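Asker: Given next are the chains, with one letter for each unit.
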Amino acid sequence: MMAQPIAASKEPEAATPALDVSGLSVEFPSRRGTLLAIDDVSMQIAPGEILGVVGESGAGKSITGLAVLGLLESPGRISGGAIHVGGRRVDTLSEKELTKVRGREMGAIFQDPLTALNPLFTVGKQLVETIRLHSGMSKEAANDRALALLQSVGIPAPRERLRQYPHQFSGGMRQRVVIALALAAGPRLIIADEPTTALDVSIQAQITALLRKLCDETGVGIMLVTHDMGVIAETADRVCVMYSGRVVESGPVAEVIHNPQHPYTKGLMAAIPSLHDRVETLAQIDGSMPRLNARPTGCAFHPRCPHAGPKCSAATPPLVSVGVTRSACWLQQGGTQ
Amino acid sequence: MTAYVPALTVDGVSKVFDVSAPWLNRVIERRPKLFVEAVSEVSFTVEKGTCFSIVGESGCGKSTVARLVTGLYKTTRGDISFGTGATGRPIRVQMIFQDPHSSVNPRWRVGDIIAEPIREMKLRDTEKETMARVRELLETVGLGADDAQKFPHEFSGGQRQRISIARALASEPELLVCDEPTSALDVSVQAQILNLMRRLQDELGLTYLFISHDLSVVRHMSDHIAVMYLGRIVEQAPVEQLFTAPQHPYSKLLLATIPDIQNPKRRVEAQTGEPPSPLNPPNGCAFHPRCPIAMEKCSKVMPELLHAAGHAKVSCHAVAEV
Ligand SMILES: Nc1ncnc2c1ncn2[C@@H]1O[C@H](COP(=O)(O)OP(=O)(O)O)[C@@H](O)[C@H]1O
Ligand SMILES: Nc1ncnc2c1ncn2[C@@H]1O[C@H](COP(=O)(O)OP(=O)(O)O)[C@@H](O)[C@H]1O
Ligand code: SF4
Ligand SMILES: [Mg+2]
Ligand SMILES: [Mg+2]
Numbered sequence: 001m002m003a004q005p006i007a008a009s010k011e012p013e014a015a016t017p018a019l020d021v022s023g024l025s026v027e028f029p030s031r032r033g034t035l036l037a038i039d040d041v042s043m044q045i046a047p048g049e050i051l052g053v054v055g056e057s058g059a060g061k062s063i064t065g066l067a068v069l070g071l072l073e074s075p076g077r078i079s080g081g082a083i084h085v086g087g088r089r090v091d092t093l094s095e096k097e098l099t100k101v102r103g104r105e106m107g108a109i110f111q112d113p114l115t116a117l118n119p120l121f122t123v124g125k126q127l128v129e130t131i132r133l134h135s136g137m138s139k140e141a142a143n144d145r146a147l148a149l150l151q152s153v154g155i156p157a158p159r160e161r162l163r164q165y166p167h168q169f170s171g172g173m174r175q176r177v178v179i180a181l182a183l184a185a186g187p188r189l190i191i192a193d194e195p196t197t198a199l200d201v202s203i204q205a206q207i208t209a210l211l212r213k214l215c216d217e218t219g220v221g222i223m224l225v226t227h228d229m230g231v232i233a234e235t236a237d238r239v240c241v242m243y244s245g246r247v248v249e250s251g252p253v254a255e256v257i258h259n260p261q262h263p264y265t266k267g268l269m270a271a272i273p274s275l276h277d278r279v280e281t282l283a284q285i286d287g288s289m290p291r292l293n294a295r296p297t298g299c300a301f302h303p304r305c306p307h308a309g310p311k312c313s314a315a316t317p318p319l320v321s322v323g324v325t326r327s328a329c330w331l332q333q334g335g336t337q
Numbered sequence: 338m339t340a341y342v343p344a345l346t347v348d349g350v351s352k353v354f355d356v357s358a359p360w361l362n363r364v365i366e367r368r369p370k371l372f373v374e375a376v377s378e379v380s381f382t383v384e385k386g387t388c389f390s391i392v393g394e395s396g397c398g399k400s401t402v403a404r405l406v407t408g409l410y411k412t413t414r415g416d417i418s419f420g421t422g423a424t425g426r427p428i429r430v431q432m433i434f435q436d437p438h439s440s441v442n443p444r445w446r447v448g449d450i451i452a453e454p455i456r457e458m459k460l461r462d463t464e465k466e467t468m469a470r471v472r473e474l475l476e477t478v479g480l481g482a483d484d485a486q487k488f489p490h491e492f493s494g495g496q497r498q499r500i501s502i503a504r505a506l507a508s509e510p511e512l513l514v515c516d517e518p519t520s521a522l523d524v525s526v527q528a529q530i531l532n533l534m535r536r537l538q539d540e541l542g543l544t545y546l547f548i549s550h551d552l553s554v555v556r557h558m559s560d561h562i563a564v565m566y567l568g569r570i571v572e573q574a575p576v577e578q579l580f581t582a583p584q585h586p587y588s589k590l591l592l593a594t595i596p597d598i599q600n601p602k603r604r605v606e607a608q609t610g611e612p613p614s615p616l617n618p619p620n621g622c623a624f625h626p627r628c629p630i631a632m633e634k635c636s637k638v639m640p641e642l643l644h645a646a647g648h649a650k651v652s653c654h655a656v657a658e659v
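Chains as they are written, first to last, in my numbering: chain A, 1 to 337; chain B, 338 to 659.
Since the hints were derived computationally from the structure, they do not count as laboratory data. Treat the numbers as computed from the prediction; the structure is a model and nothing was measured. Cβ atoms here follow ideal geometry from the backbone N, Cα and C, with glycine treated the same way. Treat the hints with care, as some may be off.
[Claimed, not checked] Pairs of lysine-lysine residues, derived as BS3-like cross-links and limited to a Cα-Cα distance of at most 25 Å, are as follows:
{"hint": "1", "chain 1": "A", "residue 1": "Lys-311", "chain 2": "A", "residue 2": "Lys-266"}
{"hint": "2", "chain 1": "A", "residue 1": "Lys-266", "chain 2": "B", "residue 2": "Lys-602"}
{"hint": "3", "chain 1": "B", "residue 1": "Lys-602", "chain 2": "A", "residue 2": "Lys-213"}
[Said to hold, decoys possible] Chain A side only, calculated, beta carbon under 8 Å to chain B, not exhaustive:
{"hint": "4", "residue": "Gly-23"}
{"hint": "5", "residue": "Ser-57"}
{"hint": "6", "residue": "Pro-166"}
{"hint": "7", "residue": "Gln-168"}
{"hint": "8", "residue": "Ile-203"}
{"hint": "9", "residue": "Val-231"}
{"hint": "10", "residue": "Leu-268"}
{"hint": "11", "residue": "Ala-271"}
{"hint": "12", "residue": "Pro-273"}
{"hint": "13", "residue": "His-276"}
{"hint": "14", "residue": "Arg-278"}
{"hint": "15", "residue": "Leu-282"}
{"hint": "16", "residue": "Ala-283"}
[Said to hold, decoys possible] Quick list of the computed label-pair ranges, beta carbon to beta carbon:
{"hint": "17", "chain 1": "B", "residue 1": "Gly-349", "chain 2": "A", "residue 2": "Pro-306", "range": "48 to 54 Å"}
{"hint": "18", "chain 1": "A", "residue 1": "Pro-296", "chain 2": "B", "residue 2": "Phe-354", "range": "48 to 54 Å"}
{"hint": "19", "chain 1": "B", "residue 1": "Thr-387", "chain 2": "A", "residue 2": "His-276", "range": "18 to 24 Å"}
{"hint": "20", "chain 1": "A", "residue 1": "Gly-323", "chain 2": "B", "residue 2": "Gln-599", "range": "17 to 23 Å"}
{"hint": "21", "chain 1": "A", "residue 1": "His-134", "chain 2": "B", "residue 2": "Glu-366", "range": "37 to 43 Å"}
{"hint": "22", "chain 1": "B", "residue 1": "Gly-481", "chain 2": "A", "residue 2": "His-276", "range": "32 to 38 Å"}
{"hint": "23", "chain 1": "B", "residue 1": "Gly-647", "chain 2": "A", "residue 2": "Pro-306", "range": "38 to 44 Å"}
{"hint": "24", "chain 1": "A", "residue 1": "Ser-135", "chain 2": "B", "residue 2": "Pro-443", "range": "49 to 55 Å"}
{"hint": "25", "chain 1": "B", "residue 1": "Lys-370", "chain 2": "A", "residue 2": "Arg-88", "range": "58 to 64 Å"}
{"hint": "26", "chain 1": "B", "residue 1": "Val-356", "chain 2": "A", "residue 2": "Pro-119", "range": "17 to 23 Å"}
Could you build all of it, start to finish, from the sequences and the hints given here?
Answerer: In structure tokens form, the structure reads like this:
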């Protein structure tokens, strides 16, 4: 692993991104060779911004989030690139330093709220402990903050709720508690991995609206990982589309949705049934995302791509600017021949 | 216009589950028996050759209806009957599940998985004819005839769903009950399966009872939609009408909260409440605690499902009967 010194940020606060990932690679060594799960991924999130990370299952969305949090499970490891959170390099920290930074600077929300909650303690106790661990507040002050947090995430009767256990909350309310926990230490960055996938639509709408509100109010940056383009459309400011471990397109949400550049994004958008008009057959991308051990050479999308040419299987297209978005496709870089 | 021929008639069907704690616990803790009415007085008919969908949030009773129709559960009250099929016998029904793993035995070769219903029901006379039929079914669902030799784990999730569709078709059903058939699949694969299901409907004249929580999928597939809330149908309408002019406040809430890619709503948090527990349903209209236009009557009297504007049926005191 790299042994660079920890770069201390000297820039003014406002210019420092909440998250800066550059050239990140993650690999899983195995007996049959090393699998590259994340290949040269870069993304930035400004304070108060929601970056959507979208793609089909196996694209590498969760691994990207876990790498940022420093929670990759062995044998998975970062094999290249750098991760800065609030200007501070985190991928080179020791486990001990990382644990501190993770609690204070980063919060995490996962699909299943129960993974983040301890069933044996009241919600109030868990909030108060998290707050005190990272702030050194007195018990009373931490209690007040816990109450304020529950209020800000829209939990009715928060005073009574503080004394209850996780199982006494509904799925939607539990996810609100997890959001309160993620916010407890006043982090710069929240990684939210499929936070609404297990919830019903009317509850999902409440949670995504809450994330937006908190982002606007606290200036926290959010990485919103989801397979659901609709959630991205309604919640994110910018979006990264991932395919087989790489970012294939990124840009402002409306632009990527209404004017996609990469053939995969185009196919993905056309495959989603519309709420407004009905077509006889949906546009379909044949095949499915390759497994890691069978990733095609060059552009990993080429076996499914209607535009693929000889160049596509020979070389991997870099992510370059195309108008206001960025796209990784030879079509926009001199052709596929 | 041709006459309305029902493939399926569900008439006043209810299903009650006993969810009591074990006998000993009840005695020790002095707790009464506990029942949940998962489906209450549900009635609808599905016209032959069409797709009828049921939508609603989890726990509203969609899967229970599917299992009642396919005979996996017995009704507590009410009747379920099938129309007459092509051969003059009642229409046969088969089910496709969300998770292809649950309907596909991982230790069997794909050919045997598909052949089982054919052998079981003696639909072919010889083993040679059976295997020819298996190859034909594999091609029908977009797989290769030689895939019969492989095991399920050699296929992706979308291909496995094709295998379970081939198996469902093997018994030559005319009505397919599909419970969230694409919910476990990625969008690009979902499009492949939805296109396949549409093509099969046209080619084989199938009737679908389709269940999904995804309204854009439902809009794509259905002719008619029933919206369920806490075990009851609250609105039933032709697909276009339901999407352009929903009448029940719950249908309106559902349509207002689904993420819309084309016209994203970046609104402030909607205070829409949460569905109540089916163990303890509210009095009157079950939706009244979440309803923005609830009146006094709503918490006292259960509204009936009555004919409303257009071709809809709606169960709401605030919607006029026509
Ligand atoms: N522990 C592991 N060992 C080997 N491969 C893994 C491991 N965890 C994840 N992967 C692989 O990494 C890829 C990306 O996974 P993930 O980030 O979870 O995808 P998603 O976009 O669905 O969140 C997948 O192909 C997955 O199979
Ligand atoms: N086998 C069962 N035993 C007891 N309760 C059940 C059973 N199946 C479903 N239920 C209950 O019936 C209600 C409806 O469930 P279900 O039909 O699965 O809803 P949906 O498919 O709409 O999510 C739920 O409250 C569920 O807990
Ligand atoms: S690089 Fe080639 S294969 Fe890849 S998306 Fe572009 S045209 Fe298609
Ligand atoms: Mg994931
Ligand atoms: Mg269900």
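Asker: Does each hint fit the structure? Answer for all of them.
Answerer: Status of the hints after comparison with the structure:
1. Restraint check for Lys-311 of chain A and Lys-266 of chain A: satisfied, since their Cα atoms lie roughly 20 Å apart, inside the 25 Å limit.
2. Note on Lys-266 of chain A and Lys-602 of chain B: the hinted pairing holds, with a Cα-Cα distance of about 22 Å set against a maximum of 25 Å.
3. For the proposed pair Lys-602 of chain B and Lys-213 of chain A, the alpha carbon gap of about 14 Å is at most 25 Å, so the pair holds.
4. Hint status for Gly-23 of chain A relative to chain B: violated, with the closest Cβ pair at about 27 Å, above 8 Å.
5. This hint holds: Ser-57 of chain A has a C-beta 6 Å from the nearest C-beta of chain B, less than the 8 Å allowed.
6. The interface hint given for Pro-166 of chain A is broken, as the beta carbon of that residue sits about 16 Å from the closest beta carbon of chain B, more than 8 Å.
7. Hint status for Gln-168 of chain A: violated, given a least beta-carbon distance of 12 Å to chain B, over 8 Å.
8. The restraint placing Ile-203 of chain A at the interface with chain B holds, with a minimum CB-CB distance near 6 Å, inside the 8 Å limit.
9. Nearest Cβ of chain B to the Cβ of Val-231 of chain A: about 5 Å, under the 8 Å cut. The hint holds.
10. Checking Leu-268 of chain A against chain B by beta carbon gives a least distance of about 6 Å; that is within 8 Å, so the hint holds.
11. Taken as an interface hint, Ala-271 of chain A checks out: its beta carbon lies about 4 Å from the nearest beta carbon of chain B, inside 8 Å.
12. A hinted interface residue such as Pro-273 of chain A counts as satisfied when its beta carbon comes closer than 8 Å to some beta carbon of chain B; here the least separation is about 4 Å, so the hint holds.
13. Interface restraint check for His-276 of chain A: the shortest CB-CB distance to chain B comes to about 6 Å, inside 8 Å, so the restraint holds.
14. Interface restraint check: Arg-278 of chain A against chain B, minimum CB-CB distance 6 Å, threshold 8 Å, status holds.
15. A hinted interface residue such as Leu-282 of chain A counts as satisfied when its beta carbon comes closer than 8 Å to some beta carbon of chain B; here the least separation is about 4 Å, so the hint holds.
16. Evaluation of the Ala-283 of chain A hint against chain B yields a held restraint, the C-beta minimum of about 7 Å falling below 8 Å.
17. At about 51 Å, the CB distance of Gly-349 of chain B to Pro-306 of chain A agrees with the hint of 48 to 54 Å.
18. Checking the proposed 48 to 54 Å range against Pro-296 of chain A and Phe-354 of chain B shows it holds: the Cβ atoms sit about 49 Å from each other.
19. Range check, Thr-387 of chain B to His-276 of chain A: about 22 Å between beta-carbon atoms, so the 18 to 24 Å window is met.
20. The hinted window of 17 to 23 Å between Gly-323 of chain A and Gln-599 of chain B holds, with their beta carbons roughly 21 Å apart.
21. Separated by about 42 Å at the C-beta atoms, His-134 of chain A and Glu-366 of chain B satisfy the suggested range of 37 to 43 Å.
22. For the pair Gly-481 of chain B and His-276 of chain A, the supplied restraint of 32 to 38 Å holds, since their beta-carbon distance comes to about 37 Å.
23. For the pair Gly-647 of chain B and Pro-306 of chain A, the beta carbons lie near 41 Å from each other, so the given range of 38 to 44 Å is met.
24. Roughly 51 Å separates the CB atoms of Ser-135 of chain A and Pro-443 of chain B, a value that falls within the hinted 49 to 55 Å.
25. Separation of Lys-370 of chain B from Arg-88 of chain A is about 59 Å and conforms to the stated range, judged on CB atoms against 58 to 64 Å.
26. Between Val-356 of chain B and Pro-119 of chain A the beta carbons are some 22 Å apart, a value that agrees with the proposed interval 17 to 23 Å.
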